[in-house]
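S.K.: Guided by the hints, dock chain U onto chain Y, whose structure is given.
Protein chains in written order, with this note's numbering: chain Y, 1 to 517; chain U, 1 to 236.
Hints in this document: simulated from the structure, not taken from any laboratory. Beta carbons are placed, not taken as given, at the ideal position from N, Cα and C, and that holds for glycine. Among the hints, erroneous ones may be present.
[Said to hold, decoys possible] Every beta carbon over 12 Å from chain U, so not counted as near; a handful from chain Y, in silico:
| no. | residue |
| --- | --- |
| 1 | THR92 |
| 2 | GLY108 |
| 3 | THR123 |
| 4 | HIS186 |
| 5 | GLU305 |
| 6 | TYR309 |
| 7 | GLN388 |
| 8 | ARG434 |
| 9 | HIS494 |
[As the list claims (entries may be wrong)] Partial list, computed: chain Y residues near chain U (C-beta under 8 Å):
| no. | residue |
| --- | --- |
| 10 | ILE150 |
| 11 | SER151 |
| 12 | LYS508 |
| 13 | TYR512 |
| 14 | LEU514 |
| 15 | GLN515 |
| 16 | ILE517 |
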Amino acid sequence: MNKPVLSIVVVGGGTAGWITAGRIAAHHRTNANSPIQVTLVESPNIPIIGVGEGTWPTMRSTLMKLGISETDFIRECDASFKQGAKFARWTTGASDDFYYHPLMLPQGFGKTNLVAHWQKNRTQLNNESFSATVCFQEAICEQGLAPKMISTPEFSSVANYAYHLNAGKFSQFLQRHCCEKLGVRHILADVIHVNSNDHGDITSVTTAQAGNIAGDLFVDCTGFSSLLLGQHLQVPFIDHSDVLFIDTALAAQIPYEHENSPIASHTISTAQSAGWIWDIGLRHRRGIGHVYSSRHTNEERAMEELQRYIGPAFNQASVRKIPIHCGHRKIFWKNNCVAVGLSAGFLEPLEASALVLVELSATFIAEQLPARREVMDITAKRFNETFQYRWQRIIDFLKLHYILSKRTDSEFWIDNRDKSTIPPSLQELMELWRYQAPGDLDFSSNNEVFPAASYQYVLYGMGFETDFSNHAHLLMDKEFAHSQFIKTQKAIAHASSNLPGNRELLNKIYEYGLQTI
Amino acid sequence: MPHFVALHNQLHQSIAIDTSKIEAQGALEHMVPVVLSEFLKLVVSYPIVFTKSSDTGQFLAVALLGFAKNENLFWQHQQWQSIYVPLNISRQPFFVGTEAGQTIICLDKESPCITNDINHESLFDKQGKDSAYLQQVKSQLAQLLDGETHTTDFIRTLRELNLIVPLTLDISFADQQEQRVQGLYSIDEDRLAQLNAEQLLQLQKQNYLQPIYTMIASLGHIYALIQKKNERLGYA
Chain Y
1 MNKPVLSIVV VGGGTAGWIT AGRIAAHHRT NANSPIQVTL VESPNIPIIG VGEGTWPTMR
61 STLMKLGISE TDFIRECDAS FKQGAKFARW TTGASDDFYY HPLMLPQGFG KTNLVAHWQK
121 NRTQLNNESF SATVCFQEAI CEQGLAPKMI STPEFSSVAN YAYHLNAGKF SQFLQRHCCE
181 KLGVRHILAD VIHVNSNDHG DITSVTTAQA GNIAGDLFVD CTGFSSLLLG QHLQVPFIDH
241 SDVLFIDTAL AAQIPYEHEN SPIASHTIST AQSAGWIWDI GLRHRRGIGH VYSSRHTNEE
301 RAMEELQRYI GPAFNQASVR KIPIHCGHRK IFWKNNCVAV GLSAGFLEPL EASALVLVEL
361 SATFIAEQLP ARREVMDITA KRFNETFQYR WQRIIDFLKL HYILSKRTDS EFWIDNRDKS
421 TIPPSLQELM ELWRYQAPGD LDFSSNNEVF PAASYQYVLY GMGFETDFSN HAHLLMDKEF
481 AHSQFIKTQK AIAHASSNLP GNRELLNKIY EYGLQTI
Chain U
1 MPHFVALHNQ LHQSIAIDTS KIEAQGALEH MVPVVLSEFL KLVVSYPIVF TKSSDTGQFL
61 AVALLGFAKN ENLFWQHQQW QSIYVPLNIS RQPFFVGTEA GQTIICLDKE SPCITNDINH
121 ESLFDKQGKD SAYLQQVKSQ LAQLLDGETH TTDFIRTLRE LNLIVPLTLD ISFADQQEQR
181 VQGLYSIDED RLAQLNAEQL LQLQKQNYLQ PIYTMIASLG HIYALIQKKN ERLGYA
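Chain Y with its partners taken away, still in its complex shape:
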């Protein structure tokens, strides 16, 4: 129990495994002679799940910290730009019903709260939506424009952005980078046994091909099987399907109609009778999938809705069915084992929370890596508290999308609004927001995942009304608010005439690359 933590063994080689291994290796500057060594053991026989194709803007700083060139990343992972999400048919289900959750804060956020002004002056503001009034990003997305120019340096932006990427290629790309540049040892072998000492710490994993691999800290990135944390250490799984009903995904890949078809620079999420369809544009294909609740519909019906969305190209597509167990482990770090990625848990893909949780976990482990075993339990306790909080906040935020819907076309939507399915923490926030708009003080933890602005975009995008009548004095900075609305309009005009199309920019990046300065 009293020894330095020098050998870190990551089990599993999907994006979770490589991001974690890479972040630890980069942060601790590992090489052949460094005291800290990172080893990644990966089965040559188990395919990675690889449907995580949407990221958050945090991925930019993750890539930078790994020392990756954005040009290489875009070229080799078929990556494209993502400027948020468009939610279609979520509120009423009508064909023209949509709202945006952009990646930029409302204009003047922090200086004033534009919600009250927008609500009061909607007619003068041409009945434009909240996001269209306070943020220029929706207009760029609607026009299919990129978030930057070819002269904008790597990782810099004109409009904040994240990525869509090919998860399989991303894993391979990270593997090459981690092994060639960051000194991560890579072993292809199947783990057949996990060995522990009297304290319950894992001492080594026995593999079929490479014998025993010993370590001081084990990172479980074994996907849904949760080989170390779940199976070996018996940490129970907390099911959240009573809150989030989605339990099945049907995933397909669809080619573009033409080589030059536009690439959407946002994720499109279109609500269906008992779930929703994601639509993610990469350079050479779109990833489209239907996630649904099998308690509220059946595979045949879900497949029909997917077919209707995709159109004729559906007939050539092969559809993968993936079960979704919505929930997470009770704790994520036990003894000397910490789980990252699907082994820690999974919620439905709404708002792309999977990869961001991997990044947050990898950052925590890399930057808080306990120097010696005797302090690891403290780190573990803090890690568990932090991530229990984060999972709960994500669950609340995802649920928010469902409880604001006014759809009545199926039990799925009606059940989602049943109070008994809404976490008390979210119910409390909803009570608050009857009289005040979400603000940063509603979310005072350092470990917040979604900022208050995100709650604003979803709430007011879905037609929620806050009653500001008791605080009418908040409307006094009328001129400042008006100037912010004008600023948004100017930003829209400027961006519209300067930004290239999303595909046009991606083509240029393939041809010329982005500069680093």
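M.R.: Frame of chain Y; chain U shown alone:
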């Protein structure tokens, strides 16, 4: 709209170039691409900086002529006020093009420099041979064509050594107007001072030390350019 056609000794035998109109072609340019081989001539008057091509994002070496679009502060009283005019202006209205993989000389048929008045510089003699004027144009074009490759190599080396740094100019003109000029880049002098012997030797062997120091020295002309702008604003 420019209209480029391949130069032909019979088709273009009867035209001539009014050289007095050439410099006016740059009257509205605020920067002009330059090549390494003219740096020593440019440094007499112009700040030499890098900027990014808006089309490709790649770095280009340019002579800075003004601080805003359409502003050429060297163009005054219908004249180019400098003893040296950059090649990319003086070679007008000729351009290098390619046809079936071959480099050819093109002419902008819409250029106001073209005239039928034979008192100006003709291009070919009666036998269809190049005039002395055309020979000089061809040597300018050759210098540009070679120069583009050399300049690209120069920039690549600077990038590899991280020697390019953004240059942001915050200028207050005499009329209290303030302007931030962005999108310009220059040599990172701190980084240059930190290069090791091997890296310096590499630069010396490639004959890059001279253009590097020429660029650094040329930045002083930014003050002269501000002075020109103040004069244009009516403050002198």
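S.K.: State for each hint whether it applies.
M.R.: Hints, one by one, checked against the model:
Even its closest Cβ contact with chain U, about 43 Å, leaves THR92 (chain Y) beyond 12 Å, as expected for a residue assigned away from the interface. Listed as outside the interface, GLY108 (chain Y) is consistent with that label: its C-beta sits roughly 22 Å from the nearest C-beta of chain U, beyond the 12 Å cut-off. Under the 12 Å C-beta cut-off, the non-interface status given to THR123 (chain Y) relative to chain U holds; the minimum distance is some 38 Å. Look at HIS186 (chain Y): its CB is around 29 Å from the nearest CB on chain U, clear of 12 Å, so calling it non-interface holds up.
Distance to chain U confirms GLU305 (chain Y) as a non-interface residue, since its nearest Cβ pair spans about 42 Å, more than 12 Å. Distance to chain U confirms TYR309 (chain Y) as a non-interface residue, since its nearest Cβ pair spans about 36 Å, more than 12 Å. The Cβ of GLN388 (chain Y) lies farther than 12 Å from every Cβ of chain U, with a closest approach of about 44 Å, so its non-interface assignment holds. With a closest Cβ-Cβ approach of about 45 Å to chain U, ARG434 (chain Y) is found to remain outside the 12 Å limit, as its non-interface label requires.
Against chain U, the non-interface label of HIS494 (chain Y) holds: every CB pair exceeds 12 Å, the least being about 14 Å. Hint on ILE150 (chain Y) holds. Least Cβ distance to chain U is approximately 4 Å, under the 8 Å limit. Nearest Cβ of chain U to the Cβ of SER151 (chain Y): about 4 Å, under the 8 Å cut. The hint holds. Annotation: interface hint on LYS508 (chain Y) holds; nearest CB of chain U at approximately 7 Å, less than 8 Å.
Given hint, TYR512 (chain Y) at the interface with chain U, holds; its Cβ is 4 Å from that chain's nearest Cβ, closer than 8 Å. With its C-beta approaching chain U no nearer than about 6 Å, LEU514 (chain Y) sits inside the 8 Å limit, and its interface hint holds. With a least beta-carbon distance of about 6 Å to chain U, the hint placing GLN515 (chain Y) at the interface is held under the 8 Å criterion. Because the smallest distance between the Cβ of ILE517 (chain Y) and any Cβ of chain U comes to about 6 Å, under 8 Å, the interface hint for this residue holds.
When held up to the earlier numbered hints, the structure conflicts with none and fits them all.
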